[in-house]
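Chain order of the listed sequences is H and Y. Heads up, the first sequence is in numbering that gives the first Met the number 0, so the first residue is 0 and it goes up one at a time. Heads up, the second sequence is in numbering that gives the first Met the number 0, so the first residue is 0 and it goes up one at a time.
One or more of the hints may lead you astray.
With a straight-line cut-off of 16 Å between C-alpha atoms, the simulated EDC-like cross-links for lysine to aspartate or glutamate are [to be verified]:
1. Y:24 / H:65
2. H:10 / Y:63
3. Y:141 / H:86
4. Y:141 / H:66
5. Y:24 / H:86
These are calculated hints, taken from the structure and not from any lab test.
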Amino acid sequence: MAKLDRSDVQKVADLARLRLTEAEEIAFTTQLSSILDYFEQLSNLDTENVEPTTRAIELSNIVRADELQPTVDPAIMLQEAPEPEGEFFRVPQILGGEA
Amino acid sequence: MPATATSTTYEAVIGLETHCQLNTKTKIFSPVSTEFGAPPNTNISPICLGYPGVLPVLNEKVLESAVKTGLALNCQIAPYSKFDRKQYFYPDLPKNYQISQYDLPIAEQGWLDIELVDPVTKEATRKKIGITRLHMEEDAGKLVHAGSDRLSGSTHSLVDFNRAGVPLLEIVSEPDIRTGAEAAEYGQELRRIVRYLGISDGNMQEGSLRCDVNISIRPVGQKEFGTKIEIKNMNSFSAIQKAIDYEIERQTKALEAGEPLYQETRLWEEGSQRTISMRKKEGSSDYRYFPEPDLPPIEVSKEQLEQWRSELPELPAAKRDRYETDLGLSPYDVRVLTDDHQMTAYFESAIATGADAKQIANWLMGDILGYLNSEKLNISDIALTPATLAELLQLIDAGTISGKIAKDILPELLTTPVDSVAKLVESKGMTQISDMSAIEVMIDELIAANPDKVEQFRAGKTKIQGFFMGQIMKQTSGRADPKLTNQLLVNKLKG
Chain H
0 MAKLDRSDVQ KVADLARLRL TEAEEIAFTT QLSSILDYFE QLSNLDTENV
50 EPTTRAIELS NIVRADELQP TVDPAIMLQE APEPEGEFFR VPQILGGEA
Chain Y
0 MPATATSTTY EAVIGLETHC QLNTKTKIFS PVSTEFGAPP NTNISPICLG
50 YPGVLPVLNE KVLESAVKTG LALNCQIAPY SKFDRKQYFY PDLPKNYQIS
100 QYDLPIAEQG WLDIELVDPV TKEATRKKIG ITRLHMEEDA GKLVHAGSDR
150 LSGSTHSLVD FNRAGVPLLE IVSEPDIRTG AEAAEYGQEL RRIVRYLGIS
200 DGNMQEGSLR CDVNISIRPV GQKEFGTKIE IKNMNSFSAI QKAIDYEIER
250 QTKALEAGEP LYQETRLWEE GSQRTISMRK KEGSSDYRYF PEPDLPPIEV
300 SKEQLEQWRS ELPELPAAKR DRYETDLGLS PYDVRVLTDD HQMTAYFESA
350 IATGADAKQI ANWLMGDILG YLNSEKLNIS DIALTPATLA ELLQLIDAGT
400 ISGKIAKDIL PELLTTPVDS VAKLVESKGM TQISDMSAIE VMIDELIAAN
450 PDKVEQFRAG KTKIQGFFMG QIMKQTSGRA DPKLTNQLLV NKLKG
């Protein structure tokens, strides 16, 4: 069964850059476990003759021509950012390395 | 018995991960420009910025370029391929994930042939390097670290998203490479291929071609790999070679001294010509890939695949083969002629006129390449067209001008366009003198004026013939047909 323990929750929180309190870690361990259990019901279905899929609608080969199209004015998008600085988007000091 | 440190020989096991920027007009998933060097944040769209609710759509040219490159690298093209989200937090990625391909890349299991030419013997050796996979993905933006030129000292960073969403092919090699020279040649061959295909400019300085190296060393004969170290930040093929040679030496010394090696990423420093540790890697990163729900899968039909295959140009390895086998050129000449696609095109249009391939090659490799190197020019920068070069050679063949005159006139042809070399040499009075009686008159005069030298010749000092030859060339400014002159001269001197 898909039982999570606290270290799994800590790892997921760390990857998502979430800071959890001890109480939250305990609460989420139970809650996430029961969500996974709920999904686990799907394994009762017989999928022996079903092709794996990653989507609900069967579509493929949706492409566009390599041509420029008008888009939103870049200056407007820049102004919408939390901290525009001149021509740039400003972001806080980066800690830790690039993945 | 354990081997002593000095008797152990080590070998390097090297694989390359290459990112190649495609030269499409628009980005991989959004219809905005990919132009290099545009003012910051002018080539952006809600899709490249990862606004909620936008729908990325694949650029068909990217798919075509990926499949063609896959075919050129002898890969299997996947009948069913998809995109995935690679999650990581870094501000050069506005969505906090990169759209890439994980378990079903567009192409897998290929190879390319590299040819190494020994600089001394000019002998060529060939080696097959396996290609593990090739996939499509989007490039990230660029960061400017404020307050310091290094990330560590900066108080904040500025982001330019022009590059975010520019299409990339990531090409991963098998760990088949053993030396820095092989790695550099692999990179160069890959660049030749993408340039021949016309899908990328392959410019390393502008970052269109980026190579990361994975390297470990092990005692010869050992099956297991040693500790894997990644090297980044090399922006030339010679830097790749030097970084690898440096690492082989550093790692060998460490092993011989019994020091541990850590799995880490190291940066090549061009200034100090060494690698420095950037970060230790603890286990493999957890990117939590999952299928990209916004992009439907790709199923390349057989017909489409055959269509693209039929559009492939002659590739560098096939061209080298043909030049060596059919045209009889040396491996060294072939390498120079096929290295740069403009040089290749030049050579091919010159021989298309019917000119002799070896002669064209000699002229290109000799005086013309010398000029290009000293002036730092490309073959496309010179005024001399392939047709004009062919005409020049044809004039030598026909005896209209001597080889020496051709060399004399070359500097002018390199810088000044001409319609007809024949007319030019005519107007300059540079045509060869092949009139037998005119030459005979000159020889008679010389013999009459130098009876002592004729005497010496007849006494066996045949070298004196060079004096007469020189005099005639001087009088005719090198225009006398050397072969004819020589014949006549010998006959007359013998009396």
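Hint-by-hint comparison with the structure:
Taking the CA atoms of residue 24 of chain Y and residue 65 of chain H, the gap is near 6 Å; set against the 16 Å cutoff, the hint holds. Restraint check for residue 10 of chain H and residue 63 of chain Y: not satisfied, since their Cα atoms lie roughly 40 Å apart, outside the 16 Å limit. For a cut-off of 16 Å, the pair hint linking residue 141 of chain Y to residue 86 of chain H stands: about 13 Å separates their Cα positions. Restraint check for residue 141 of chain Y and residue 66 of chain H: not satisfied, since their Cα atoms lie roughly 24 Å apart, outside the 16 Å limit.
Distance restraint check for residue 24 of chain Y and residue 86 of chain H: the Cα-Cα separation of roughly 23 Å exceeds the 16 Å cut-off, and the hinted pair is therefore not satisfied.
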